[in-house]
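Novice: Spelled out from the first residue to the last, the chains are:
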Amino acid sequence: MLPEFELFEPRDLQEAVALLTELGERARPLAGGTDLIVEMREGRTRPGYLVDIKGLEELKGVTVSGGLIVIGALTTLRALERSAIIREKLPILYDAVSQMGSVQIRGRGTIGGNLCNAHASADGTAALLASGARLRLHGPKGSREIALEDFFSSTHKTVLNAGEVLTHIHLSIGSRGCGGAYSKYTVRKAMEPALVGVGVFLETEQDGAVCRAARIALATTGPRPERAVRAEETLRGQRLSEELFARAGEAAAGEANVGSNWRTPEDYARHLIKVLLPEVARRAWARARYEGRNIS
Amino acid sequence: MKERSVTLRINGEIHVFNHVSVRKTLVQLIRDEAGLTGTKEGCGEGDCGTCTVLLNGQPVNSCLVLATEADGKEVLTVEGLSREWDLHPLQQAFVEEGAVQCGFCIPGMLLAAKALLDENPSPTEAEIRAAIAGNLCRCTGYVRIVQAIKSAAVSLSSPPLTAATGKGPGI
Amino acid sequence: MEALVGKPVTRVDALEKVSGAAVFGPDVKLVGMLYGKALRSPHAHARIVSINLDAVRKLPGVRAVVTGADMPGVLGGEAVKDMPFLAQGKVRYMGEPVAAVAAEDEATALKAIELIEVVYDELPVAADALAALEKGAPLIHEGLENYARISVIKPVPKSNVITVNEYSKGDVEQGFQESDEVFEDEFRSQTVHHAPLEPHSAVAQVDVSGRIVVWGPNDSPHRLRKDLADALHMRLDRVRVVSTYVGGGFGGKGGLKAEPIAVALALKANHRPVKVVFTREEVFQATLVRHAAVVRIKTGVKRDGTLMAREVKIVWDTGAYAEKGPTVCSQATAAAAGPYRVPHVHLIGQCVYTNKAVAGAYRGYGTPQLAWAYESQMDIIAKKLGIDPLDLRLRNILREGDVNPVGHPVHSVGVEDCLKQVAQAIGWQERQHHPRVTEKGRHVGFGIACGTKNTKTPSGSEAALYLCQDGSLTIVTASVEVGQGVRTILAQIACGVLGLPMENVSFSQPDTDSTPFDASTTSSRTTFHMGNAVKFAAEDLKKQLAQLAASLFGCDVNQVVVDGGKAWLSEQPERSLTYPELLQKQYGAGASMMGRGFYYPKSEQGKAFHESPSLFWMYAAHAVQVEVDPKTGRVEVTRLAAAADTGRAINPVNCLQQIEGGAVHAIGTTLMEELIVDKQGRMVNPNFHDYRIPTAMDAPEILASLVEAPHREGPFGAKGMAEIVTTSVFPAIGNAIEDAVGVRIRDLPIRSDKVWRALRESKEK
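If you're matching them up, the sequences are chains A, B and C in order. Going by my numbering, the first sequence opens with residue 801, and the numbers climb by one from there. Going by my numbering, the second sequence opens with residue 486, and the numbers climb by one from there. Going by my numbering, the third sequence opens with residue 58, and the numbers climb by one from there.
Hint data in this document are derived by calculation from the structure and do not stem from the laboratory. Among these hints, one or two may not hold up.
A few chain C positions that, by computed beta-carbon distances, are all more than 10 Å from chain A [to be verified]:
id	residue
1	164
2	187
3	215
4	236
5	487
6	501
7	566
8	596
9	688
10	691
11	749
12	753
13	754
With a cut-off of at most 16 Å between alpha-carbon atoms, the simulated EDC-like pairs for lysine to aspartate or glutamate come out as follows [to be verified]:
id	chain 1	residue 1	chain 2	residue 2
14	C	811	A	1066
15	C	355	C	202
16	C	688	A	1079
Interface residues of chain C toward chain A, partial, derived using beta-carbon atoms under 8 Å [said to hold, decoys possible]:
id	residue
17	163
18	170
19	173
20	568
21	571
22	729
23	752
24	755
25	757
26	813
27	816
The C-beta atom is built at its ideal place from N, Cα and C for all residues, glycine as well.
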């Protein structure tokens, strides 16, 4: 049995926002429940009110419109895994979601929930961070859009104001020469959050030989999801090569915000970043050069 | 609201429950209210899969679904796999291939397997293992479970000449 | 006659289990049932200053509240009576139950425990065994020498050592003198959990005469009955235990777990049944764990690889209460030198209390931690002497009639064949031709190991068989179906002897009121002990049927043949009568026939529990192929060959099922499992997301085979094997990693960061 709470089931976004605003801090939106219900069971959170937003159909689904991929925040990880749009146009996200949890978890967990829980180890978050995602938030004062990297404030916290709901995630469909990939290191082959995860998104030119821009995101056991900006600088404007990827790996390993914890000692976490990044970058590069064809 | 009535179809039959607390999860509704104890609760946190049921055809950890959410929906539990004395080919295969030891993971495993075969009638071994990755088993090492699912996939795609029956004890 | 023995008969309980009809502990439901919940200590070591129950007693819906103070003088424990049902005076581990409530529903019970106020006075914590051994360490059980205990337990006063057990043969110092090389190594094993999928539970009810009934997934109803009756100072017949199916035990579902809380509440619940179901967190924190162990092993060898002397010193971390810790120490320490001929041996085990979860019976009963040590060291020896690891083992391996390290001649010894079979299956002789590095840059390695385990001796089992007038058979035993297939095996034996088809068999539920005494469903003893009891009972039935036939045929009983469901005069086989016909002819108004069998091995030294040399020894071997990623230190087992000596495989598929499950279980223990406890005694990962057991994607290719070295006293030559199937996996993997990348990890689990670190350090040298 879960701890005591009162349940609300708003029928549309406006009602949801109104409820969350009115109920304030003691209310939590309930999407897939794969994180929230576990937190409640473990006594880590005791919300007095749950606002079940799963009825908000307008927040579900993946579409392409005007050069943008639009993902509804309530789209399940499984739906993303099976979406032809995601597999073809955003394989970095496919990489991330297809390795999360189990079939049962992916069928319930939503990408919005993944982002809003603000765990540094969240695979979906890292993949989207590397992809340059922008978020649409809707609250009592209306809508606003922010970059994903501006979404996280401190440990497990986002910048969502009272009553605000994450509604959509926007990504521009990469132009020619773009490609991204995500991989993580875990102990078991399933059912594991990342010990270390790396997402790399490359924008290349000159037929894939030169890096115009790079976005690198790390999933770690640290406090927040983050971009590895020094590693990105290592790649920007350079001719891509294995050797360059290795240097980027070292840079990322050095700048990552990880400490030692029971899951992994700090030096090992940094080492994993160092060796994982070149592998992921290599795949991203292959996708950038052979864009349009599914490279696994 | 703190409670509400829930009307749902379980294994094809309509059940009406009044005064269902919102704190109850679907696995509790199935086990305690509907009295169908085939579905198990091994962890309550979605890590072990023993509570797997099909909710509107989709495999879910019923320990993470609020009971009230099941209102108006269809649930398939292990009890709904067989018809009278006739076992579902998956159940038959699990028996014949020796996939059952302590049995506690089996109901959830069967439902996860059914969900897989419903969507992918000829899965590879890798696809089978990925489909049941969320169903932990401590006894079998998964060896004969995977074999059984493969065998059931074959039976389902080529119906047998006689119906597999569980009638009678033991064997 | 033995038509069914040796056949891969389908499991008789499989149908119930695939239908969801099988009743496990949490499925038990009784009219008027209350829900019980425990309040647990947040401290690992503290005095209980006060418990305030005023608020909880006033909460509507609460029907019983109980604390340790309600049960003065109640102490339980099979080997040592040191454990109260609810904490008394002090708490000794984080999670120890301090109070409990029974309420009309779960919500009320959850609310109720929050209303109980406990004031603690914290005490210093001894969070690991070596610290608990130090001078000045906090004493966890003062006056431990005063606890009632069985004779093999030898506590050390004014310490945290509940027992020391020692075995000697020859003169180890002399042996080391005569050796060409002496090796000294230390190996450590971590605390792990059985992690059964079914959580622990119990339903208890006290009737109006004060008789206690307990239903639940307990592996040993007669043992539980005795544990409860002894603790409560009651007569055995005033307690009844009924066991359901068990959803995975591996040793963790015996003795006092959820049962004491349910019983404590039931005693105050006005005759209403009380159900207690543990959460997964409670299962991890407050049921049972496996002993962490520090094993120091010193071995002397001749240059040609002959083992001369072996000294093994073990510190067993037994947690806050004894449970089966002391007998793990006494029994496993005797197996610490491995399945080898060693003339000079000294083995000594210390069982040490710590302020952590209780350690006790866990598949292998201490032998996995020992094999990790002796089989890792064998490879160290092999490498130094330049001898192939398989050859070194074969040079010293025990064979039929040899004297084992504790001085007993051994019988039914299949370990040599186990080694040869796994070597063959994995391609041991050809391994030098195998590419050393894969396409992806992973390093390939091969490792081999063997192991042995004893069984608790003596112990007894009794069985009854009811032959009904229509020829159907009911098997009446207290052996519990924990997933090992016991019902199927016993049916095969009974039907095999009587010549009846398996379809005509049903089973009683284990119930101390009606199923006769069985020591326990543990120690891999059931096929042997209860198998014999059932065999004797079937033979008893056959004798009675022969006598009945003789009186009906009017002949001497020696002229009657009973087989295949029929009886006939030996000269007139065509004039046969089936069993139902025999009964009908004599007892036209109806009757049944009861066969009885009791098996209790002859023992040499004493008759008491655990005092005798092991009735049989189990053996197994494993050979693995691993790939190690030198960049990350990640280890993957790609192929695993396993062979176990089962004496005689009553049901070969049953045996293979154990081997397969054991292999994956052991891979979890070796590579991914660890219960992490911090310095304050807090368990950091008591759940299935942070305590990782292998998923279907983590299981390798398993090449399983059986060896049969028949045991003269086992039913049809069978002995046990359920616990030997993990023992040699750990060192086989450790040895394979050393073969692959040249580093040896000495403390389990073999996490990838340890391998990485070892590789880095070896490169720096």
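Novice: Going through the numbered hints above, which ones does this structure break? Give me the numbers in ascending order.
Specialist: 1, 9, 10, 11, 12, 13, 15, 18, 19, 20, 21, 25 and 27
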